[in-house]
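Each chain, letter by letter, is given below.
There are 2 protein chains.
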Amino acid sequence: MDPLSAYKELQGSIKETTIIQSKRLDDFLLDLIPERFDRAKTTIFKSALIAYEGFQHTASFKYRAAYNAARKSQADHLIAASSGNFGQALAYAAKIRGKKCTIVMPETSAQVKIQAVRNHGAQVVLIDTDRVSRADALASLCQKISTDHDNKPAVFSPYDHADIIEGNSTLGIEIASLVPTPDLVIAPVGGGGLLSGICLGLESAIKQAMSNNLDLAIRVIGAEPQLANDAARSLAAGHLIANEKEPRTIADGARTISLGKLNFEILQARSIEILEITEEQIAEATFLLFDLCNLKCEPTGALSLAALIQMLRNGKDLYTRPCLVVSGANVDSNVYARLINQPIVSE
Amino acid sequence: MDPLSAYKELQGSIKETTIIQSKRLDDFLLDLIPERFDRAKTTIFKSALIAYEGFQHTASFKYRAAYNAARKSQADHLIAASSGNFGQALAYAAKIRGKKCTIVMPETSAQVKIQAVRNHGAQVVLIDTDRVSRADALASLCQKISTDHDNKPAVFSPYDHADIIEGNSTLGIEIASLVPTPDLVIAPVGGGGLLSGICLGLESAIKQAMSNNLDLAIRVIGAEPQLANDAARSLAAGHLIANEKEPRTIADGARTISLGKLNFEILQARSIEILEITEEQIAEATFLLFDLCNLKCEPTGALSLAALIQMLRNGKDLYTRPCLVVSGANVDSNVYARLINQPIVSE
Numbered sequence: 001m002d003p004l005s006a007y008k009e010l011q012g013s014i015k016e017t018t019i020i021q022s023k024r025l026d027d028f029l030l031d032l033i034p035e036r037f038d039r040a041k042t043t044i045f046k047s048a049l050i051a052y053e054g055f056q057h058t059a060s061f062k063y064r065a066a067y068n069a070a071r072k073s074q075a076d077h078l079i080a081a082s083s084g085n086f087g088q089a090l091a092y093a094a095k096i097r098g099k100k101c102t103i104v105m106p107e108t109s110a111q112v113k114i115q116a117v118r119n120h121g122a123q124v125v126l127i128d129t130d131r132v133s134r135a136d137a138l139a140s141l142c143q144k145i146s147t148d149h150d151n152k153p154a155v156f157s158p159y160d161h162a163d164i165i166e167g168n169s170t171l172g173i174e175i176a177s178l179v180p181t182p183d184l185v186i187a188p189v190g191g192g193g194l195l196s197g198i199c200l201g202l203e204s205a206i207k208q209a210m211s212n213n214l215d216l217a218i219r220v221i222g223a224e225p226q227l228a229n230d231a232a233r234s235l236a237a238g239h240l241i242a243n244e245k246e247p248r249t250i251a252d253g254a255r256t257i258s259l260g261k262l263n264f265e266i267l268q269a270r271s272i273e274i275l276e277i278t279e280e281q282i283a284e285a286t287f288l289l290f291d292l293c294n295l296k297c298e299p300t301g302a303l304s305l306a307a308l309i310q311m312l313r314n315g316k317d318l319y320t321r322p323c324l325v326v327s328g329a330n331v332d333s334n335v336y337a338r339l340i341n342q343p344i345v346s347e
Numbered sequence: 001m002d003p004l005s006a007y008k009e010l011q012g013s014i015k016e017t018t019i020i021q022s023k024r025l026d027d028f029l030l031d032l033i034p035e036r037f038d039r040a041k042t043t044i045f046k047s048a049l050i051a052y053e054g055f056q057h058t059a060s061f062k063y064r065a066a067y068n069a070a071r072k073s074q075a076d077h078l079i080a081a082s083s084g085n086f087g088q089a090l091a092y093a094a095k096i097r098g099k100k101c102t103i104v105m106p107e108t109s110a111q112v113k114i115q116a117v118r119n120h121g122a123q124v125v126l127i128d129t130d131r132v133s134r135a136d137a138l139a140s141l142c143q144k145i146s147t148d149h150d151n152k153p154a155v156f157s158p159y160d161h162a163d164i165i166e167g168n169s170t171l172g173i174e175i176a177s178l179v180p181t182p183d184l185v186i187a188p189v190g191g192g193g194l195l196s197g198i199c200l201g202l203e204s205a206i207k208q209a210m211s212n213n214l215d216l217a218i219r220v221i222g223a224e225p226q227l228a229n230d231a232a233r234s235l236a237a238g239h240l241i242a243n244e245k246e247p248r249t250i251a252d253g254a255r256t257i258s259l260g261k262l263n264f265e266i267l268q269a270r271s272i273e274i275l276e277i278t279e280e281q282i283a284e285a286t287f288l289l290f291d292l293c294n295l296k297c298e299p300t301g302a303l304s305l306a307a308l309i310q311m312l313r314n315g316k317d318l319y320t321r322p323c324l325v326v327s328g329a330n331v332d333s334n335v336y337a338r339l340i341n342q343p344i345v346s347e
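One line per chain: the protein sequences are A and B, in this order. Under our numbering, think of the first position of the first sequence as 1, with each following residue one higher. Under our numbering, think of the first position of the second sequence as 1, with each following residue one higher.
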C-alpha cells in the first residue's frame, strides 16, 4: 500500500473532505471538561475540527475506497456484497471508470438503497440472507459471470482489502495536512477499513513531514457502538472475535460481524484504542451535529463526536485540537427526523 | 459603497461561502426540463452551484453585513431590532469588534433565539409589539443610551443601510470569482439586503474582470414567498408597496413588511425579476436540499432552489450554470423534522 501515491492518483476524482469548525460546538465541548481543569480549560482544548465526508461523491468516505479499487483493478466487472454506502460507492466508481458492477444485497434492503445502486448503472442481485450467505452468493455470482462472459470479475470486501484501505488512507493524508495539525483523530469503526486506512495515511504523511524536519504527533482512536463492540473485544483479546449476529445498532455502517483480517492486523500493531458508544450517545451526537454544526450526518458518522464527548466528560486524555471524522450523510429522512426532533440541548 | 474594498477588509473575519455541487440534484433538475428541450437538455443545463451560508459565523449571510457595519461604525454601542438572524449576527460581530450591542426583540420570540443573542454577550430588550412599534422602541432605546452614557449608539436596519448592503456584496464577489462563472444567481428576498448586495458585488467583480478583458454575463433573480410578495409588487408598480402586516410565511427570514428604500432603488434600477414561491414549494425545496444535497437549510434559504425548479418546470429562460444562494441554516429542529419527514421524492 502506498497512501501518498494513491492520494496523488485520486486527486480530481474524489472530493477533498470538508473541514468544519463551529464555535457553538467548541463552547459545548469546553463546558464538558470537569471543574478541576477549570483554569487550564482553554489552554487544553482549542477547537474541534470536523472532517465531513457527507459532500463526498455518493455521500460517504467509501467512495475513496471504491474509486481506488476500481482504478487499480484489472477486471472489467466489479462485484461486492453491501446493503449500504459501499455498494453505492462501488457502483458509481465502476461507472466513472467504465466498468460493469454487480452488488449483492439482502432482499430486505430498503427500496431506496436498491434504487440508488441501480441509478449508477449497476446490477443488483437480491438474496434471502436466511437461506444463503453473502459469501456463497458472491462465490456463485463470480462463477456465473466467469462462465457466461469468460471474464473473471473482481470481488471486493467493503473493508478487508489492501486497495480499499489504501483508498481510505487518502483521508488520513488530508487530515495530516491541516494547519495547525490535529493532535487526535477519532473515526468510526465497523469493519475497520476507515480507521486502518487513516492510520496508514497519517503515518505516510508524518514520515514525509519528518523528512522535512517537521515533527507531527497525532493519536488515533476508534469509536464503535457498544452493541457491536467486536473491535474493542478483539483488540483487548489479541485475536479476532466476531459478533454472534449482525448487531442491531442504529449506526448501520457499523453492523459488521467482525473487523476484517487486514484491518485487525493494522489496528493491533498500533495498539489503537477503541471507545464503546451507547445508542443514546450516538443519537445525542447526531442531534448535536445537526444543532450546533448544521451538519446532516448518518448515525455511524456521529460515533466520533460521541467518543470525544465521552472522553471530555471523563476528564482524561485532553487534546488541544481533536479531528472528528464524520464519515457520511446517508440516512433515511424519517429516521433522521426522529433523531433531531428533540428539545434544543444547548443555548 | 465599495464592494471590492469591503471584500478585502472582511477576509479572515468572515468565512468564505461553501460551494456545493450535487450530482443527484443535477439529475433531478435535468428531469424537470420539459420534453421539447429533450435533445438539447444537457447542453443547456450543466450543473447547479449552491453557495451555502449555513457554515458562516452565526449560520447565515447576515454576519457579512453585521461585521461590515460593526467594523465601519464609529459608535461603541450597536443596536438593532431583529428577532432573527441579524440580531445574532450583530451581537457576535459587536463582540468580535469589542463593542456593546443591544437587540430589540418581540417578547413572543422563541426563548432559544433570545438566548442565542445573549450568548454573544449582547443585551436583549423585549417589547410587546402590539403596544409599541419596533421603530419607537429603537428610538427610545437610542435616547436612553445617549443620555445614560453620553454616547450616541449606532442603529442598524437589518437590510436598509449602505454598510449592510456593502457587507452582503462580498458574497456577490465570491460568486463572480467561481470558475467557470455562473450565468445566473438566484437569492432569497425579504428586505432586499442580500439581493441588492449581490447585485453590487457582482457588478464590481464584473467591472474588474472587464478591465482584464474578461467578459462575464450573470443575471440575477430574486425569490420571494408568495405570501410576502411585496418586492414583486413594488418592482411591478415602480414604487414601494408594503405588506399589510407581517406575512405568515414559513420563510421567517422574509417576513418583512416591505423592501428597504435603498434596496428598492438598487433592484429597480436593474429591473431585477422576482419569482413568487408558494409555501408548498418552499417546503419541497427545503426537503430536496436535505435529501439530494445533504444540506441543512432554513426555509428562507430554500427559496432560491424553489425558484429554479419553477423556472425549469416552466421551460423558459434555461441557464447553463445557475448559482443558488442558500442563505442560512437557523431553523428550529421540530420545524425542520416536520419538513424532512416525507417520503423520498427522487432517486
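Quick caveat, the hints were computed from the structure, so don't treat them as lab data. All values derive from a computational prediction rather than experimental measurement. Worth double-checking, as some hints may not be accurate.
One copy or any two copies: either way a pair holds, since identical chains are not told apart in the list.
[As the list claims (entries may be wrong)] Below, a list of computed lysine-lysine pairs in the DSS-like style, where the Cα atoms sit at most 30 Å apart:
| # | residue 1 | residue 2 |
| --- | --- | --- |
| 1 | LYS15 | LYS144 |
| 2 | LYS99 | LYS46 |
| 3 | LYS8 | LYS144 |
| 4 | LYS46 | LYS15 |
| 5 | LYS144 | LYS23 |
| 6 | LYS152 | LYS261 |
| 7 | LYS245 | LYS8 |
| 8 | LYS207 | LYS95 |
| 9 | LYS207 | LYS100 |
| 10 | LYS23 | LYS100 |
| 11 | LYS144 | LYS46 |
| 12 | LYS8 | LYS72 |
| 13 | LYS23 | LYS245 |
| 14 | LYS261 | LYS15 |
| 15 | LYS95 | LYS46 |
| 16 | LYS99 | LYS23 |
| 17 | LYS46 | LYS152 |
| 18 | LYS46 | LYS100 |
Hint check results:
For the identical chains of this complex, LYS15 and LYS144 are neighbours neither inside a copy (35 Å) nor across copies (54 Å), given an alpha-carbon limit of 30 Å. In this homomeric assembly, LYS99 and LYS46 come within 30 Å of each other (Cα to Cα) only across copies, at 24 Å, whereas the closest approach inside a single copy is 46 Å. Within a single copy, LYS8 and LYS144 get their C-alpha atoms no closer than 36 Å, and across copies no closer than 63 Å, so neither meets the 30 Å cut-off. In the homo-oligomer, the alpha carbons of LYS46 and LYS15 lie at most 30 Å apart both inside one protomer (27 Å) and across protomers (18 Å), since each shortest distance falls under that limit.
When the C-alpha separation of LYS144 and LYS23 is checked against a cutoff of 30 Å, the pair qualifies neither within a copy, at 55 Å, nor between copies, at 33 Å. With identical chains, the CA atoms of LYS152 and LYS261 are at most 30 Å apart within one copy only, with a shortest distance of 24 Å there and 71 Å across copies. In this assembly of identical chains, LYS245 and LYS8 lie within 30 Å of each other by CA distance neither inside one copy nor across copies; the values are 39 Å within and 58 Å between. In this assembly of identical chains, the alpha carbons of LYS207 and LYS95 never lie at most 30 Å apart, being 35 Å within a copy and 42 Å across copies at closest.
Taking the shortest Cα distances, LYS207 and LYS100 never come within 30 Å of each other, neither inside one copy (37 Å) nor across copies (49 Å). When the C-alpha separation of LYS23 and LYS100 is checked against a cutoff of 30 Å, the pair qualifies only between copies, where the shortest distance is 20 Å, while the shortest distance within a copy is 45 Å. For the identical chains of this complex, LYS144 and LYS46 are neighbours neither inside a copy (56 Å) nor across copies (39 Å), given an alpha-carbon limit of 30 Å. Taking the closest pair of Cα atoms, LYS8 and LYS72 come within 30 Å of each other only inside a single copy of the chain (14 Å); across copies the shortest separation is 45 Å, beyond that limit.
Taking the shortest Cα distances, LYS23 and LYS245 never come within 30 Å of each other, neither inside one copy (41 Å) nor across copies (36 Å). In the homo-oligomer, the alpha carbons of LYS261 and LYS15 lie at most 30 Å apart inside one protomer (28 Å), although the nearest pairing across protomers, at 43 Å, exceeds that limit. In this homomeric assembly, LYS95 and LYS46 come within 30 Å of each other (Cα to Cα) only across copies, at 19 Å, whereas the closest approach inside a single copy is 43 Å. Taking CA atoms no more than 30 Å apart as the test, LYS99 paired with LYS23 passes between copies only; the shortest distance there is 19 Å, against 44 Å inside one copy.
Proximity of LYS46 and LYS152 under a CA criterion of 30 Å is satisfied in neither setting, with 52 Å inside one chain copy and 37 Å between copies. Taking the closest pair of Cα atoms, LYS46 and LYS100 come within 30 Å of each other only across two copies (26 Å); inside a single copy the shortest separation is 47 Å, beyond that limit.
Violated hints for the displayed structure, listed by number in ascending order: 1, 3, 5, 7, 8, 9, 11, 13, 17.
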